[in-house]
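Participant: Listed here are the chains, written in short residue letters.
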Amino acid sequence: MLVLTLLILPFVGALLTALAGNRSANKIALLSTISTLLYTLKLYFDFSSNAAQMDWSFNAQWLVEPNILFGLSIDGLSLLMLILTNLLTPIIVLSGLGSTTQNSRTFYSLILAMQGAMNGVFLANEGFTFYVFWELSLIPIYFIALLWGRDYTQKITFKFFVYTLAGSLLMLISMIVLYLMAGSLQLKHLHHLSINGIGQTIVFLGFFLAFAIKVPVVPFHTWQADTYTAAPTQGTMLLSGLMLKMGLYGFIRWLIPIVPLAIVQFAPTIITLGIIGVVYGAWIAIQQDDIKRLFAYSSLSHVGLITAGIFTVNTMGLTGASIQMLAHGINVVGLFFAAEVIFRRTGTYDLSALGGIRSKAPWFSTYFFILLLGSIGLPLTNAFVGEFMLIFSVWQYNSALGVFAGLTIILAAVYMLRMFQRAMLGNANTVTTDFQDLDLSEHLTFIPLIILVFVLGVYPMPIIEMVEPVIQQIIQLAAI
Amino acid sequence: MDIEILNGVSVQQYLWLTVILFSIGVLGVLSRKNAIIIFMSVELMLNSVNLLLVVFSKMHADTLGQVFVFFSMSVAAAEVAVGLAILVMMYRNTKSINIDILSKIKE
Amino acid sequence: MPSNNLYLAVVVLPLIGFFVSALFGKNLSKKVVGLIASSVIIIPFFIILKAFIGLLNGGEMIHFYLFKWFAVGHYSVNFGIQIDQLSVLMVMLITGVGSLIHLYSISYMHDDENYSNYFSYLNLFVFFMLVLVMSDNYLGMYIGWEGVALTSYLLIGFWFKNHEYNDAAKKAFVMNRVGDLGFLVGMFFVFYYTGSLEFTKVNAALGMGAMVPPLAFIASAAMFLGATGKSAQIPLFTWLPDAMAGPTPVSALIHAATMVTAGIYLIFRSNALFSLAPDTLNIIAIIGIATALYAALVGLAQNDIKKVLAYSTVSQLGLMFLAVGVGAYTTALFHVLTHGFFKALLFLGSGSVIHAMGGNQDIREMGGLKKYMPITYATFLIGSLAISGIPPFSGFFSKDEILAMAFQQNIVLWVLGVAVSMMTAFYMFRLLFLTFSGEFRGSSQEKSHLHESPLLMTVPLIVLAVLSAIAGLLGLPAVFHAPHFLNNFLSPIVVHSGEGHPHLNASTEYMLMAIATVSGIISIGLAYTKYVSKKSIPSVDTLYTGLSKWANRKFYIDEIYDFLFVRPVKWVSDFLFRVVDKLLVDGIVELSGKVSILTGNVIRSLQTGQTSFYILAMVLSICFIIGYYLIGI
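Protein chains in written order, with the working numbering: chain A, 1 to 480; chain B, 1001 to 1107; chain C, 2001 to 2633.
If you are wondering where the hints come from, they were derived from the structure by calculation, not from laboratory data.
From the three backbone atoms N, C-alpha and C, an ideal C-beta is built for every residue, glycine too.
Check each hint, because a few of them may be wrong.
[To be verified] Non-contacting residues of chain C with respect to chain B, defined by C-beta distances greater than 12 Å in every case (computed):
#1 Gly2358
#2 Asn2552
#3 Leu2598
[Stated by the list, open to error] Heads up, simulated DSS-like pairs for lysine-lysine below, C-alpha to C-alpha not over 30 Å straight-line:
#4 Lys2161(C) to Lys360(A)
#5 Lys2594(C) to Lys159(A)
#6 Lys155(A) to Lys2594(C)
#7 Lys2068(C) to Lys42(A)
#8 Lys2582(C) to Lys159(A)
#9 Lys2582(C) to Lys2594(C)
#10 Lys2530(C) to Lys2371(C)
#11 Lys360(A) to Lys2030(C)
#12 Lys2307(C) to Lys2534(C)
#13 Lys2031(C) to Lys360(A)
#14 Lys360(A) to Lys2026(C)
#15 Lys155(A) to Lys2582(C)
Next up, chain A with everything else stripped away, as it sits in the complex (with noise of 0.2 Å):
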């Protein structure tokens, strides 16, 4: 039960968020996503203390025939997903309080029902409950770009859409073989049936072109960029903080277990295909001038490596990219959030036209350039760990492919420092001359993650235990 009410907490908020009022809606937004995050916070310390003795799963009848269930369950990976959802879901909320939002209570109210589907996705242990939450988590953010995006989001929203649904359907079809030849979606069913080569082909292609193109994994990536500058910053944050993970977590939770020989088949290509990601995405970002779109760019090199890591499949990898994705969740969404602060004050994400906002915001600029650290991966912020242990899985796997992972230290300090440089240093113009520094609530939307960055940097041991054995299992899955 202690599951099924982490599930259904962020859909109660929705509907009170639907039914207040525009002015009182992201309160009550902030105050539903809060007490999510604490409800989170509590499993986690059950969890840390006394997992033995308490239910951490539910199990349904949905539908008889076909043999269908409503399964949610969490172990240390669901874990670590719920708490980097029900942690930036309060931060993303919060990141509005400073503006205004038409109609904001079906804004938030989307927000939250996002969050509700992300956190299904993340509990599902069967293969149906999976696929209904990662569809309805679709619908939420497909409106949230379409109805508060740039003018000229329409086109954007609309391929992304059937961009991300070609992808899901794929998925269905592999869910069916699956069901043809277990009689059950049930993960621990499918951890044990054993498919021959053609079959392994073919439920690994749907779910990966569904992961993939989530991710997204270079060449499914071009979505991206454009629906990431479209979409309102809140939305940008869902997307890239949390919404990617999905496919990530797909990748760890959903493939390798299930398909280990068309892993091992489809590793060699998938890890390139990752790495070079790592070095486009890092590369493209460098000439960038609208910040979102760079942090687009940038965050295409980062889930590169991420799935690079992966698809090693060793414990350094999938160690490495269950802490980079939380730490890559919170970094984009505090940079997104900065390139929100500058937009709100000057109407622009154009590096062009700025400059000079240290000299005027001397707050801003400080949590900026700690978060670029983060992103960058400098020691001791919370990317760093995560980089290194990815790196070096993709070094032990090849080594060459090891060295052009490193890469993106190197590019990540040219796109960031470039961009830092034109936004923030040198003489105010006439657009950031009359840059405000922060407000109260951008104050507290920033330190959160500032605080994030650097106790996951120094300290991420606790996350770590909490995923090895998670890791240590599926590794065993996928060796058979």
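Dock chains B and C against the given chain A, drawing on the hints supplied.
Facilitator: Frame of chain A; chains B and C shown alone:
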């Protein structure tokens, strides 16, 4: 009542008659643009089927078929009322009962 | 353990200082900020003195763990502190010179609006530098390694309103990161093959033959790439001269005395690995001497007081790498120490001059300053004599040892080394004479402003001058029959000890010394004739011709790098974005969308909207279906 003459007509011939009537109806629907004529052709098709029902009812000596005919005739009467009302509305709006005007469904 | 906490304080105090200055600096008076920032460096110096005395008396090295950073499978990394003979010397150099520079900065930076930021960055730098030299493992060292690059970025771009400075800062950071990739890869090799990153365990594993020589070659070469980035060697040296954009005390601390020597420290630390790879050592020696020569040549034709010192730093670092390359690790560290003293002295002296000149750094507009600033002049003279290798100043001893070691290895290296040393003496005295001798050539406004610097600036100069003069005692040559303190002290760190001493016979060694000294004096004489007797002044930059033009323009290395790397990177970036991403990859996606729209359009034309057409279609379809069943069954 003397309906001996009807006994002289074989089932085969009835079938031909209904097929011809039905085909005339189909052709009428397909070829004419005037809504009223199309309507009449539809009625023709309907009635050819009714006739068929009666014929088989007689042949199998089962009155159920004739019961159906009454059903379908009453439904057809209702339908005619609605249909004609639509035609009247159409005529009022477009001053025409040419159905090709009604191609809004395309967009 | 209380003593562990005491040594932990060495690292933590500067960090606390950073937080105090960063968070409350704006609310505290400048004096308090400066005092706090300096004291968090001075106190660690005295703490580490205790450790030094302990080690001097034959004590064991101090090694303790703080907590586990991360652990996956059988790979695990702890935060740990190791204070052994090598790190204790580095810590003393960093905190010793560091505290002098902090004191100096209180006065030097007094009028800057971001005074408290400056001190917070400086404290942060010292923190990271201490992490670098006190960590017990490579990854801990890497924290410091990247951290000093970060603080160096912040301090080079300290005056962030000037985009030229920002560019210099960015360049420094990026070039360092290129090196860092090398370091990282080297670290991977070590981690994978020895199973640990802790120095003691790695060395033990290497002793057991954990890495075969070809692997050791790749690993050490990768690490050396890291060292070239940090220590400004070919090919990653161009950031250091640009880094002079930062405030002068920063150049003294970071870009002369401490951070740039981290490369030497890394190699010294990994000498067990490098000794397995003689090829790498040869490469290091060649790169070292090439860098030394190149930078010395460029230094001959620079007219910015700090640029001359910057190239001289690159050149001296090259000599240190030469020493490492011939296997003389302790000699390299000896030079690190003496160079730390005299180069800090020279930079601070130049800071004093710049301070007096109101920010002007062009030596063509100076001259005759010894009248106005006698203390600066005297100390600068001592520094110049030390760097030129004139006995009995410290530079003589360390440089002589390097040259002797090089002579043993290969006479060509020695000849080139002597050439570097001659050029060094020449450009240093050119700088000295142009700045301090003759008549003042600047504007009258500048002239009225000339003054000796305040006590807070001159005292550090005097202390450093004394150190520069006597630091040679740390390593007296074997021919003097005195114990070589450094070699003995550091012998536990060097795996193949015994290589650290010259084994030349006495007469050869005397001869080498004499040649080096005489050539140095000749250079000084040449500089004297040209710039004092003949009173020649370097011409404006555009009038240079021939070799001196090339030297003045730094052999166009920056332009070449720009052409080879910077522009192609940007060009490829644009190409990837506009052509590959937008046209090719997205084109395919859009194409699939277009195809479905197109087929939709084709099929849509069937949808005429004419009822009769639909009915016809229906009738035909029914006929078809009926016909199919009639015929098919």
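Participant: Each hint needs a verdict: does it hold in this structure or not?
Facilitator: Status of the hints after comparison with the structure:
1. Gly2358: holds, 79 Å
2. Asn2552: Asn2552(C) clear of chain B: closest Cβ-Cβ about 76 Å, beyond 12 Å.
3. Leu2598: holds, 19 Å
4. Lys2161(C) to Lys360(A): holds, 11 Å
5. Lys2594(C) to Lys159(A): holds, 11 Å
6. Lys155(A) to Lys2594(C): holds, 13 Å
7. Lys2068(C) to Lys42(A): holds, 25 Å
8. Lys2582(C) to Lys159(A): holds, 14 Å
9. Lys2582(C) to Lys2594(C): holds, 15 Å
10. Lys2530(C) to Lys2371(C): holds, 21 Å
11. Lys360(A) to Lys2030(C): holds, 22 Å
12. Lys2307(C) to Lys2534(C): holds, 24 Å
13. Lys2031(C) to Lys360(A): holds, 25 Å
14. Lys360(A) to Lys2026(C): Holds: Lys360(A) and Lys2026(C) sit about 15 Å apart, inside 30 Å.
15. Lys155(A) to Lys2582(C): Satisfied, since the Cα-Cα distance of roughly 15 Å is no more than 30 Å.
Hint compliance for this structure: no hint is broken.
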